[in-house]
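Novice: Using the sequences and the hints given, assemble the complete structure.
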Amino acid sequence: NDSGDSADAAGSDGLTKITLASSPLGHLAPIYLAQDNGIFAKHGLQVEVDTETSDLTSVPSVLARKVDFATGDLTTLIVARTQGLDVKAVVPASASTGKAGADYGALVVAGDSGITSPKQLEGKTVAVNILTNIAAAAAREAVRADGGDSESLKLVEIPFPQVPAAISEGRVDGAWVVEPFLSAAKAQGAVPIGWGFTDLAEDLTVSAWYTSGALVAQKPEVVTAFRAAIREAFAYARDHEDEVRAKIPTFTQITPDVAGKITITGWRDEVSRQAAEKLAGYAQRDGLISTTPDLDELILP
Amino acid sequence: MTTSSRTPAPTRGLAGGGPAGRRLLGAVGLLLSAAGYEAVTRAFFSPLHVPPLSAILPQALRLLAEPRFWTATGRTLLVAAIGLLIAVLAGVVVGFAIGSVPWLLRTASSTLDFLRPVPSIVLIPVLVLVLDVTQITVLLVAVSCFWIVLFQVLYGLRDVDQVAVDTARTIRLGRWGRIVHVTWPTVLPYLGTALRLVVSVALALAITGGLVMGAAGLGELIWSSQESGESTGMYALVLLTGAVGIALDLAARLAERRLLHWHVATRRELATP
Amino acid sequence: MTTDEALLRIVDLGKSYRSRERTVQALAGVDLSVRDGEFVTVVGPSGCGKTTLLKIVAGLLPASTGDVVLAGQRVTEPPADLGVVFQEYGRSLFAWKTVRQNVELPLRSRGVGRTVRRELVAEALDAVGLGPAADAYPWQLSGGMQQRVAIARAVAYRPRLLLMDEPFSAVDAQTRGDLEDLLAGLWRRYATTVLFVTHDIDEAVYLGQRVVVLGASPAGVVAQFPIDLPAVRDQLDTRSSARFGELRAQVYAQVRRTPQPTRRVPEVTR
Amino acid sequence: MTTDEALLRIVDLGKSYRSRERTVQALAGVDLSVRDGEFVTVVGPSGCGKTTLLKIVAGLLPASTGDVVLAGQRVTEPPADLGVVFQEYGRSLFAWKTVRQNVELPLRSRGVGRTVRRELVAEALDAVGLGPAADAYPWQLSGGMQQRVAIARAVAYRPRLLLMDEPFSAVDAQTRGDLEDLLAGLWRRYATTVLFVTHDIDEAVYLGQRVVVLGASPAGVVAQFPIDLPAVRDQLDTRSSARFGELRAQVYAQVRRTPQPTRRVPEVTR
Amino acid sequence: MRATVIAGLARGTRAAALALGLPVVLFVAWWLLSANSTNIFLPPLSRIVEAFGQVWLSDVFLRDVLPSLRRLATGYAAALLVGVGVGYLVGRWAVVRDLTSPILAYFRVLPAPVLIPVLLVAVGIGDATKLIVIALGAVWPILLNTADGVRAVDDVQLDTAAVYRLRHRTRHGLILRAASPQIFAGARQALGISLIVMVVSEMLMSTDGLGFTVIRFQRTFAIPQMWSGVLLLGLLGFGLAKLFELIERRVLRWHRGATGREEPR
Ligand SMILES: Nc1ncnc2c1ncn2[C@@H]1O[C@H](COP(=O)(O)OP(=O)(O)OP(=O)(O)O)[C@@H](O)[C@H]1O
Ligand SMILES: Nc1ncnc2c1ncn2[C@@H]1O[C@H](COP(=O)(O)OP(=O)(O)OP(=O)(O)O)[C@@H](O)[C@H]1O
Ligand SMILES: [Mg+2]
Ligand SMILES: [Mg+2]
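Chains as they are written, first to last, in the numbering used here: chain A, 1 to 301; chain B, 1 to 273; chain C, 1 to 270; chain D, 1 to 270; chain E, 1 to 265.
Hints were generated in silico from the structure; no laboratory data involved.
Idealized CB from N, CA, C, for every residue including glycine.
Don't take each hint at face value.
Claimed, not checked - EDC-like, lysine to aspartate or glutamate: derived pairs with alpha carbons at most 16 Å apart:
#: 1; chain 1: A; residue 1: LYS119; chain 2: A; residue 2: ASP146
#: 2; chain 1: A; residue 1: LYS154; chain 2: E; residue 2: ASP208
#: 3; chain 1: C; residue 1: LYS97; chain 2: D; residue 2: GLU21
Stated by the list, open to error - Distance windows between CB atoms, simulated:
#: 4; chain 1: E; residue 1: LEU62; chain 2: B; residue 2: VAL130; range: 53 to 59 Å
#: 5; chain 1: D; residue 1: GLY29; chain 2: B; residue 2: ALA247; range: 46 to 52 Å
#: 6; chain 1: E; residue 1: LEU32; chain 2: A; residue 2: LYS154; range: 41 to 47 Å
Specialist: In structure tokens form, the structure reads like this:
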């Protein structure tokens with residue numbers, strides 16, 4: 001599909017075809033539910049989900065208009081925007097539940113480590129999945145919110161799937177982890193001590209659906225329709241959590257058993273501006289970017 | 001000389017290293033490693049982190065019954081095969097071209113040395129502008145294997161015996177004839193080594209493509225098992241991947257033995273006391 | 001031997017091998033002419049430069065000084081219709097080809113048709129006594145058999161100029177005699193020009209129309225002996241003829257006189 | 001020659017090379033005993049199995065049938081104090097070692113002290129006329145020179161049993177004579193037992209205390225000739241002696257009678 | 001590396017011109033073709049060179065490149081040791097080969113990202129894991145080439161060693177030496193591979209290193225900087241290759257001579 005522009009192909013049934021790119025992760029559940037329930041069609045869209053994608057490829061794919069929308073964590077999008085990449089965050093893809101103690105991401109330590117609060121992690125080694133994305137910010141924020149020196153954390157990259165092992169084998173002192181690994185880690189004796197997502201913002205947007213500025217300029221109606229459809233999908237998901245849990249095992253390897261127990265991400269309609277500002281600050285402090293980003297350019301009003 | 005042609009070869013025992021014997025030994029080696037793995041994992045690791053073989057095997061057997069495993073394997077093998085084919089063809093052609101023209105080698109070698117260590121993985125975001133992930137995976141496979149084939153050919157070409165070349169020159173074999181009759185057979189053993197290397201590299205990279213870019217196939221299956229916290233499932237996939245690797249290696253060895261039956265190494269192995 | 005009828009003219013040829021540690025002057029001031037159809041045998045002490053000379057004539061090695069002219073052309077690369085039996089016969093056979101394929105290759109390369117080729121190959125292999133071993137690989141053969149394959153290859157090719165570097169060194173006396181006669185027969189029949197290096201002075205006299213004696217390293221032509229034996233020779237009669245004895249003695253005497261590379265025989269042999 | 005004083009006993013030795021396509025019976029029913037300190041020369045047609053025999057005696061090749069017993073011990077691996085000059089002398093030299101290092105290597109491995117070693121090596125190299133080439137690499141040498149390096153290596157080693165496979169095939173007549181005398185001298189002095197394969201019947205008679213004639217493939221011992229020439233021999237006197245002539249003629253006649261591997265000389269030579 | 005270049009110049013401007021000719025041409029072509037590029041992922045070469053100066057000609061070199069080179073050297077050395085050692089065993093004894101070939105084939109196909117999780121648990125997050133990953137990536141070409149080289153050693157050479165009852169150590173040495181042309185082929189392959197694997201190994205669990213920094217640039221869309229890292233990797237590869245060649249020229253001179261490639265002048 002190197003036509004470079006897939007959003008203009010109107011199907012025979014009058015629907016506009018759009019392609020969404022995302023790794024097959026839990027946040028796709030509302031999308032599939034919306035597909036099943038004809039929500040996209042209602043908004044004049046025909047959605048194709050391209051799961052053959054990764055963090056490495058999604059931004060260039062969107063900019064080259066090989067796909068129309070993709071998911072990316074907010075920090076990554078802020079950084080991209082600041083580097084002059086014309087990305088527009090349209091609508092959240094996953095968000096904090098807003099409930100400290102019951103969020104889908106947490107700062108965990110080994111149960112027998114004697115550490116009970118994030119502040120005690122000062123100067124210790126903490127794992128995050130990627131140093132340049134929102135996880136790093138969440139880990140630091142948890143410590144800062146507890147009155148600790150977030151700069152003193154020694155962050156090291158360990159993919160989420162390895163976190164339970166890394167914690168229980170004592171390879172790291174603490175780790176930022178999200179579901180389903182949060183549950184797995186807890187099952188193996190880890191205890192959550194900090195809730196960086198809610199510390200960052202009550203309504204934190206963790207990752208967002210974004211598109212290219214070019215698409216926004218050329219086909220604003222498609223973008224708006226997409227946003228509306230997603231919001232409707234979220235509304236449906238909020239009301240049908242069991243359907244979401246049932247959906248997850250169909251496109252991931254997560255077993256129904258696990259899917260029934262994990263904390264589901266929150267669904268929010270607006271990309272959190274306040275959180276974005278905070279994240280931009282972290283990104284600047286961590287040297288990911290050197291200038292202040294123009295968030296108005298990033299977040300589609 | 002009493003040449004009684006077509007005397008049936010004597011049946012070789014285990015010690016003689018007949019094909020059955022050597023395969024049996026290989027199986028013994030596998031069993032020993034399996035037992036070692038089982039013991040080590042049981043002794044030192046939590047089954048949640050590094051599951052023992054006894055936990056992996058049933059899962060692997062279950063996978064074998066699942067069509068999606070076979071589709072994924074098929075895809076991965078196809079990608080690996082296409083990349084491999086490109087690499088071997090390009091590597092051999094470029095290798096022989098550069099290797100048999102001295103000034104070309106001298107001109108190109110610095111550029112080759114420069115390009116060799118460029119990791120394709122870093123350039124994926126750039127490549128994705130023009131290729132889709134499957135194509136990138138093919139490219140990843142092809143490029144990595146190309147280098148291996150190329151260097152192996154270049155080194156093989158250095159092994160060509162001067163007397164053989166002189167012989168070819170006096171009977172006025174052309175450049176092409178010299179390649180076919182003299183250099184190619186000399187390089188072949190080096191290519192045999194390359195083939196075994198490259199078969200596994202191709203498979204490994206086809207999987208890496210799935211792991212880092214989500215290209216459909218075994219790699220993507222492994223990735224999603226990992227992402228879903230299904231470590232036993234992941235290890236089962238890794239086990240099966242390794243099995244595919246063993247099968248490919250076996251095929252490569254067979255091919256090598258047929259092609260190189262005249263080579264010292266092969267003939268020494270086939271010699272009967 | 002006037003130069004205008006010469007097929008091969010070697011003029012003031014010199015060759016030195018230079019490497020980091022040592023420089024060896026292998027040939028210096030070699031002058032030699034060979035008429036078309038002549039059979040010239042070359043003798044000389046080990047290491048004096050005979051192989052080097054042959055390689056330069058074959059166009060395989062560049063000379064350091066001087067020229068080699070074949071049929072009016074300076075030799076810079078192997079000329080057409082050249083047959084060579086290398087001293088390292090083993091290495092000159094292709095291990096990946098059967099005996100038959102080895103012998104056949106030059107003919108294929110020359111474009112000889114399939115049937116003729118088969119015939120030539122079979123004939124040559126029979127002539128050297130390797131008919132039954134045609135389908136063996138070189139490494140399945142004894143040293144002498146390998147050498148005979150190399151000879152068969154050169155012979156089947158029917159070259160115009162045949163260079164042979166100690167081609168019978170690894171075969172037994174009986175076979176050697178047969179091969180000598182085979183070679184002499186071919187030479188008479190096809191008017192091949194032959195340059196033949198040997199360490200066997202009897203052989204040199206028996207085969208050659210002229211024996212060239214090279215001196216110790218660096219080799220130069222020390223003496224030449226025209227051999228006025230009858231054209232058709234015979235192992236028994238020729239070798240027992242008085243003239244053969246005389247010529248042989250002459251060459252021997254010359255070789256004795258030729259300075260040898262330094263060699264000190266230790267006391268133990270006294 | 002009673003068996004109880006034999007150093008080497010070869011009993012009903014047979015060897016066949018088997019490969020997928022062909023089976024070659026190289027040796028069959030070879031019986032041979034060699035006394036301690038005896039010099040036995042072996043002649044036989046090319047490809048009959050001489051090299052095979054030597055390799056089995058050296059413990060390099062397992063026999064198919066029969067036994068080789070050396071000093072009361074069955075030979076299954078190379079015995080101690082064995083020196084071998086291989087027919088493929090070129091391949092037996094280590095290309096990354098200089099001539100000196102090649103000759104020195106077996107001595108070092110045997111633990112001979114540095115000074116003695118140096119001396120032995122220098123002496124051996126001088127004896128074969130390679131003193132000046134001591135620091136060259138094998139590939140910088142002519143064929144004959146390489147062969148002499150292999151000889152020097154065997155000689156410097158002072159083996160108890162010396163196996164030589166056509167060791168003088170690539171050297172000139174003059175050098176060959178010198179090397180023959182060198183070898184004879186060493187043999188007399190150190191009472192080395194020598195098994196010497198050659199294609200030169202004169203050489204076999206000149207050097208040996210006994211000449212063993214092997215028959216065509218599969219090789220068996222066809223005849224043995226005790227050589228009753230005086231122990232100390234001389235290139236001129238011995239070779240021109242009447243007895244030498246007689247013995248030589250006897251061996252020749254035997255070799256003539258020995259069936260040769262099939263060889264059909266094509267019409268062209270008629 | 002600069003020393004090598006200078007030595008090359010000293011040896012003859014012709015050789016240097018030949019060696020540098022094509023890279024210079026390609027560089028100029030890249031420069032011209034990319035000069036007006038607006039594609040953010042394919043920045044003009046001038047920007048890349050500028051970024052190169054800013055990024056690498058600073059203390060980053062000490063902080064990132066040196067640790068990486070240290071890991072590379074250690075991992076590569078380990079690969080050499082293990083590769084030649086195991087390769088020798090495998091090549092020399094058919095029993096070892098038959099016993100191990102399937103299991104070695106098994107490990108050959110495991111890509112680094114699959115191994116890292118196991119190593120994380122078994123070895124930890126320190127440098128050791130990276131070293132193992134580098135060594136595991138680089139070991140195969142060395143191992144296979146050593147095994148095949150050892151298998152192909154000439155019979156007559158083996159026979160010679162056996163007849164003179166050379167000491168075992170001497171004999172092993174001779175066989176390795178005879179196989180060294182092919183071992184060098186493997187070592188050369190491994191050099192390129194180990195550089196790449198070094199980058200891959202630094203993608204995870206790292207806090208410094210050339211690979212770490214390049215990947216960080218990639219993830220933060222610092223595209224010119226990322227390209228400058230690629231450039232640096234190329235230069236490193238070039239320098240290491242030249243160093244390798246220097247050693248190889250000495251060690252394999254006999255092979256050039258024996259195969260007739262050491263041109264007598
Ligand atoms: N490796 C091998 N494989 C198969 N056949 C072999 C092998 N080596 C030798 N032969 C066969 O065994 C027979 C005897 O060979 P051998 O080398 O012993 O002869 P030889 O007497 O030394 O001959 P020459 O005088 O030509 O050196 C030959 O017919 C040869 O073809
Ligand atoms: N590749 C080489 N490099 C260096 N020196 C060489 C090389 N080839 C030959 N020589 C030297 O050149 C001289 C002549 O060698 P050449 O092979 O021509 O002798 P030859 O007369 O054929 O001897 P032989 O009768 O022993 O075969 C020898 O001293 C040898 O050392
Ligand atoms: Mg010579
Ligand atoms: Mg022989």
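Novice: Run every hint past the structure and note whether it holds.
Specialist: Going down the list of hints, with the structure as the test:
For a cut-off of 16 Å, the pair hint linking A:LYS119 to A:ASP146 stands: about 6 Å separates their Cα positions. For a cut-off of 16 Å, the pair hint linking A:LYS154 to E:ASP208 stands: about 12 Å separates their Cα positions. For the suggested pair C:LYS97 and D:GLU21, the alpha carbons sit about 14 Å apart, so the restraint of at most 16 Å is met. Distance hint check for E:LEU62 and B:VAL130: the Cβ-Cβ separation is about 37 Å, which falls outside the suggested range of 53 to 59 Å.
In this structure, D:GLY29 and B:ALA247 meet the distance hint of 46 to 52 Å, their C-beta atoms being roughly 49 Å apart. Between E:LEU32 and A:LYS154, the C-beta spacing of about 46 Å keeps the proposed range 41 to 47 Å intact.
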